[in-house]
Amino acid sequence: MLKHIQRTLRRAEIQMNFSLGFNPHELLFFAPAAPTGVASLVEYVTVGSNMTAEGLTEKFNAVSIGGVIAEYILHKEVNPNLAAKATYAEYEMPYSKELFDALTTAFSKENFEISYEQKGNIIVKDVRDMMCSFEHCEDKIKIIIAIGSKTLRPDRLLLALGFDIISEVVKTKLFMGDQKNLIDVDDFLHGV
Amino acid sequence: MTDLNKRYEEILAKALKPARYSGGEYNVSNIKDSKVKFCLCFPDVYEVAISNLGNKIIYHMVNDSEKFSCERCYSPWTDMAELLRAEKLPLFSLETRTPLGEFDLLGMSLSYEMSYTNVLEMLDLSNIPMESKNRSENDPLVFAGGICVVNPEPIANFMDFFLLGEGEVNLLPILELMEKKKKENWTRDEFLAKVDEISFAYVPKLHNEIFENGVFKGLENSPIMTKAIVEDFDNAYFPTSQIVPNIQAVHDRGVLEVFRGCPRGCRFCQASFCYRPIRCKSKDTLLKECDDIISQCGFDEVSLSSLSTGDYPEILPLIKEMSAVTKQKGVRLSLPSLRLDSFDEDFVTDMKKTASLTFAPEAGTQRLRDVINKNITTEEFETAMKQAFRVGYKSVKLYFMIGLPTETDEDIAGIFAMTKRVKEIYSEVVHRRDVRVTASVANFVPKPFTPFQWEAQDTFAEFDRKHRLLKDLFFKSGFGFKYHDTFVSKLESIFASCGRKAGDILLEGYKNGCIFDGWSEKFSKEGWEKALETCGADIDQMTSGFDYNDILPWQFVDVGVTEEFFKEENERSKADAVTGDCMENCLGCGADRLGECKTCW
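As you go down the protein sequences, you meet chains A and B in turn. All the letters of the first sequence, read from the start, carry residue numbers 1 to 192 under this note's numbering. All the letters of the second sequence, read from the start, carry residue numbers 1 to 601 under this note's numbering.
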């Protein structure tokens, strides 16, 4: 993703500022990205640049690959530092009664453990405090779980529930704040 | 979405790296409705294949042509091959996900002998008979091009035809001919008969091997295959809207080709002779291509590619002017193929600083470097090291070969001595000891169309003895030491220099599960040993070299440089005599019979 954004910005002739070290690199700051295998409708990147944002969305989209579209490019005086601020993400997946029931059971518990392999070790972890909410919405199920400094990957949660459907999961929203007071990053950036 | 496409989508989600097979990269061509369905295949994994400059040129050239289109297919990694087999799905093209069996023409790009089993797997996964004799009228015509085609015989049983030389020149006429075949309903054999009449093409089934008392005496109907070359290289087709991969490629950057051929003539180097005559691009052309490639691809790095970039006649002015462009755009410039004697502080000061500097002295003593015509003196080596350390490098990789003609144990010891000397120079220049030096030692493989094409390769036992010598020298030395697998080098020699019998071994190897043989983690020694045993082949005997009087399996191929020149060079090597740079004085190698050497403007 980093390479793709760098290259698209260069093709769009959007001038990037560079770090001042021995090997200067573009000043690009990403919000926590979707885990591998998850499609995403919401990714955020901050670009250090002296240009104004006017007309840049069209320029970017004209030279981007299919499937990667800039919805908007905003000018911000200060880096919003979404990498540190983002706390939760919303994911959508196809509705099934079995999945809905499994989520209902998991969310009703005080503790919910998942296990996964990491560097050859089996990690077992209680992730209940990283699970914010879920809802049934038409033919979809939406779940909101932690992302950022503490991340619960949707594939690990779903596997713990007995579902191997990661290729059908889409990241749809990114939030700041805590579970009781979630702020959509789009609203934050637009000053809503 | 068709059913087939849906099934491909399903297995893509299960692949380790779906982007290897999904296509859709930036600058990928729109596939127009063409009367000829052509797929360009590269028998290695996506990350390697997408980095190949020749393939980029051909792909974009065909798609930029008025009439024809070109799709791509690369070797699926083993996980994807298993998925395809499990789901009984044929291998497909990246652009339109068309099964390879539905194309009219499949072009295999062959740049490394150890990728030959991947060719067989690509055909096998496509349900196309691997041996050309078993293909029917409905199967695609399968042909090969690329550097390996200078000796097509080891893979002749699997190809309907071969094209020799540069794709900018030899491919479109074949697509035209295929269009005619379809229009006039020629049979496969009628088409192949016409292909065989073309100077740069060769149809193996029309030229059986002739043996007398078990000795190879040539091919029936005396074929001649002459290399096609681009005469006006400066104005030759070159794509600046190159495909930008969605995953990291081996060479993840824009590539500019500064010249073809090499003036140095190292006697082991096939590319040096096979890409002659030497033809340079003008500085202005390269500057324009650089500017275009950055704006059209967005790469953060551009490299100047050739066999010996430091030998480009206007290298310093070129770098100076190009650096001004790349710096302004925040793009790094790299020079991957610098010779030791062209290393210069002026070069590297503005260059991309890699973690490690790589030099290839090839041999450990001056005598052996003279034998192989690697015109680098010890003094030049030491000067280059001093310059490298002065500009801040503290890691050096040295590349050597063992098994070279006339090599002695003193030359082997010289490899360690040179490695040790690098550390001493570092201490002298920087007054510290924190340099990292690694020696990587390859095994010499005699290649066709080199002055060493007649030479025997070391036996297994001799390679093993030399490896032991080196291991003893490097033991606890603190230097990194790597060496190539002997078995791989012996097989490479067979697939580079033998006749059609090598094809039998290749097929057996594939049947025994050998695949991705250039990848050490995939190489199956057991599979190849079994294949050799089944074919009754003695690997040391098959790599025992040729006499001048022998008819070579590739005798009918004309790459420009003459056999007389190779013989002269071979004799000069035996006298430790070096031959100079041919950009300074033409040495009469014969390559200019095919086209003028153009080295300046």
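Keep in mind that the hints were calculated from the coordinates and are not lab data. None of the values given here were measured: they were computed from a predicted structure. Backbone N, C-alpha and C define an ideal beta-carbon position, used for all residues, glycine too. There could be a bad hint or two in this list.
[Stated by the list, open to error] Quick list of simulated restraints, FRET-style, between CB atoms:
no., chain 1, residue 1, chain 2, residue 2, range
1, A, Ser167, B, Asp33, 40 to 50 Å
2, A, Phe30, B, Lys14, 24 to 34 Å
3, A, Lys76, B, Asn30, 50 to 60 Å
4, B, Ser65, A, Gly37, 30 to 40 Å
Just tell me: holds or violated, for the beta carbon distance of A/Lys76 and B/Asn30 against 50 to 60 Å?
-> The hint (50 to 60 Å, Cβ to Cβ) is violated, given that A/Lys76 and B/Asn30 are roughly 37 Å apart.
May I ask you to test the hint 40 to 50 Å on the CB atoms belonging to A/Ser167 and B/Asp33?
-> Cβ of A/Ser167 to Cβ of B/Asp33: about 32 Å, so the range 40 to 50 Å is violated.
Cβ separation of B/Ser65 and A/Gly37, checked against the hinted range 30 to 40 Å = holds, 38 Å
Cβ-Cβ distance between A/Phe30 and B/Lys14: within 24 to 34 Å?
-> holds, 27 Å
The structure fails hints 1, 3 (numbered hints given earlier, in ascending order).
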